[in-house]
Amino acid sequence: MNSATKLSPHAGDVVVTVGTAKGAFLFCGNQRHDFTMSGPHFLGLSVSATAFVGGAKPRILLGNKSEHWGATVSWSDDFGATWNEPAEGNIKFPVGSGGTLNSIWTLEAGTALGPDAVLAGVDPAALFRSDDRGETFRVNEPLFNHPDRPRWNPGFGGLCLHSIVVHPQNPKRMYIGVSSAGLYRTDDGGETWSTCVNGLRVHPDVPGATLCPHKLRIDAENPSRMYLQSHPGTYRTDNEGRSWISIEGGLPSEFGFPMVAHPRRGGTIWTFPLTADAFRVPPNGQPKVWRSRDGGASWEPLNRGLPESDGYFTVLREAFCADTLDPAGIYFGTRGGQVYASNDEGESWRMLAEFLPPVLCVKAAVIQ
Amino acid sequence: MIDISMAAGMTVAEAIEALARQHPGIRDRVLDEQGELRRHVNIFVDGENARFIGGLAARVKEDSEMWIHPALSGGLN
Numbered sequence: 026m027n028s029a030t031k032l033s034p035h036a037g038d039v040v041v042t043v044g045t046a047k048g049a050f051l052f053c054g055n056q057r058h059d060f061t062m063s064g065p066h067f068l069g070l071s072v073s074a075t076a077f078v079g080g081a082k083p084r085i086l087l088g089n090k091s092e093h094w095g096a097t098v099s100w101s102d103d104f105g106a107t108w109n110e111p112a113e114g115n116i117k118f119p120v121g122s123g124g125t126l127n128s129i130w131t132l133e134a135g136t137a138l139g140p141d142a143v144l145a146g147v148d149p150a151a152l153f154r155s156d157d158r159g160e161t162f163r164v165n166e167p168l169f170n171h172p173d174r175p176r177w178n179p180g181f182g183g184l185c186l187h188s189i190v191v192h193p194q195n196p197k198r199m200y201i202g203v204s205s206a207g208l209y210r211t212d213d214g215g216e217t218w219s220t221c222v223n224g225l226r227v228h229p230d231v232p233g234a235t236l237c238p239h240k241l242r243i244d245a246e247n248p249s250r251m252y253l254q255s256h257p258g259t260y261r262t263d264n265e266g267r268s269w270i271s272i273e274g275g276l277p278s279e280f281g282f283p284m285v286a287h288p289r290r291g292g293t294i295w296t297f298p299l300t301a302d303a304f305r306v307p308p309n310g311q312p313k314v315w316r317s318r319d320g321g322a323s324w325e326p327l328n329r330g331l332p333e334s335d336g337y338f339t340v341l342r343e344a345f346c347a348d349t350l351d352p353a354g355i356y357f358g359t360r361g362g363q364v365y366a367s368n369d370e371g372e373s374w375r376m377l378a379e380f381l382p383p384v385l386c387v388k389a390a391v392i393q
Numbered sequence: 763m764i765d766i767s768m769a770a771g772m773t774v775a776e777a778i779e780a781l782a783r784q785h786p787g788i789r790d791r792v793l794d795e796q797g798e799l800r801r802h803v804n805i806f807v808d809g810e811n812a813r814f815i816g817g818l819a820a821r822v823k824e825d826s827e828m829w830i831h832p833a834l835s836g837g838l839n
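If you're matching them up, the sequences are chains H and Z in order.
Sequential numbering of the first sequence, starting at 26, is according to the numbering used here.
Sequential numbering of the second sequence, starting at 763, is according to the numbering used here.
So that you can see chain H by itself, here it is in the shape it has in the complex:
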């Protein structure tokens, strides 16, 4: 692995941002063959969310946090050569609301909302929107003040809004996922929100348990279809979230964190099962990515190039992504500090990095 302080990607190259518990690392892949790494950026800060905001030279956003000084969104317009940090915190709950930002869980370039729109999900669960490419944000008040909020309980990782899905043709429709509260849908651009959890099961052994979705993704070809990895179960909806069916048959476990959907091909998804519930390691110490090409009706394990045994790492929900090349590149990072990449949609894997801090988030972008 080559390392550099400055990346100079060319058209067709892939840039992968890896956020870890102690900083961010950028990887630039020359035609996805030779990757150069730059970093660490923001050494010592946890980087739990990242996004690319469009354009020929995309802006890289990082949701980073100092345990002392708080969390902010920083950005680079030159692939990490320089970074901008806001003078004032740019994700803040309104004064008097009682809310204080703990961490940024997810950043999504809301392209259907506009080329400069960015959405952020945070802990404590709230949705923020930017219209200036991630420099300033405002809270979605109807969701923050939702009458269900008093019943939202934090999961082990906190009360986090971790999933944001914007309908590609109808941007007034959005979905969000909160652990441990459930899924919510809006059809009016965020003015009102209603639950869409029919068919999801709560934890069978915990009386009064609330729903704990982990990661929600939308199908690339059919926006009425979405896929959900939840605490108990893997699901699919074919009716915009009005009901959910189980698609975990064939997987070695109902538990896991990430869910990734193919950027172009409907029905193709990847997940990374872990043994439930307290163990949270690959079943039998054999880490495998599982792919479905039929919307979850059947699954196949993909582990060529991954450890065949004694592999006990975890992949978090934000740490698994795809690029938009054909065939799609797939990338994931582990809490053990490894980063793996596949150029062939998971058929084979190679390690890009081995000794990073625990990986919290991974995103990839193809340079135009």
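Just so you know, the hints here were simulated from the structure itself, not pulled from any lab data.
Incorrect hints may have been included.
Unchecked claim - Chain Z is faced by these chain H residues, among others (derived, beta-carbon under 8 Å):
# : residue
1 : H93
2 : K117
3 : F118
4 : G123
5 : L126
6 : P277
7 : L350
Claimed, not checked - Interface residues of chain Z toward chain H, partial, derived using beta-carbon atoms under 8 Å:
#  : residue
8  : Q784
9  : P786
10 : D790
11 : R791
12 : E795
13 : V803
14 : E810
15 : N811
16 : R813
17 : P832
Computed from a predicted model, the values in this text were never measured in an experiment.
Note that beta-carbon positions come from the ideal geometry of N, C-alpha and C, so glycine has one too.
Position chain Z relative to chain H; hints supplied.
For chain Z alone, coordinates are given in the frame of chain H:
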């Protein structure tokens, strides 16, 4: 070490505002959005932890020395 003008009877909160006028952004690093001192930050006024002498309402003197200190301890990472 940064010198700011403090008046007798000024509160710690007011001293932070004075500091922020010289160094924009420091307020958000020290206080959360509700104006409370961040959990892992301590402020010492003339050697006393401000949390035990009135918090942000604690009074400073004209020649007080105020330290803004991140907590140092072991942890999970």
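Results of checking the hints against the structure:
no.: 1; hint: H93; verdict: holds, 4 Å
no.: 2; hint: K117; verdict: holds, 4 Å
no.: 3; hint: F118; verdict: holds, 5 Å
no.: 4; hint: G123; verdict: holds, 7 Å
no.: 5; hint: L126; verdict: holds, 7 Å
no.: 6; hint: P277; verdict: violated, 29 Å
no.: 7; hint: L350; verdict: violated, 34 Å
no.: 8; hint: Q784; verdict: violated, 13 Å
no.: 9; hint: P786; verdict: holds, 5 Å
no.: 10; hint: D790; verdict: holds, 4 Å
no.: 11; hint: R791; verdict: holds, 4 Å
no.: 12; hint: E795; verdict: holds, 4 Å
no.: 13; hint: V803; verdict: holds, 6 Å
no.: 14; hint: E810; verdict: violated, 20 Å
no.: 15; hint: N811; verdict: violated, 16 Å
no.: 16; hint: R813; verdict: violated, 15 Å
no.: 17; hint: P832; verdict: holds, 4 Å
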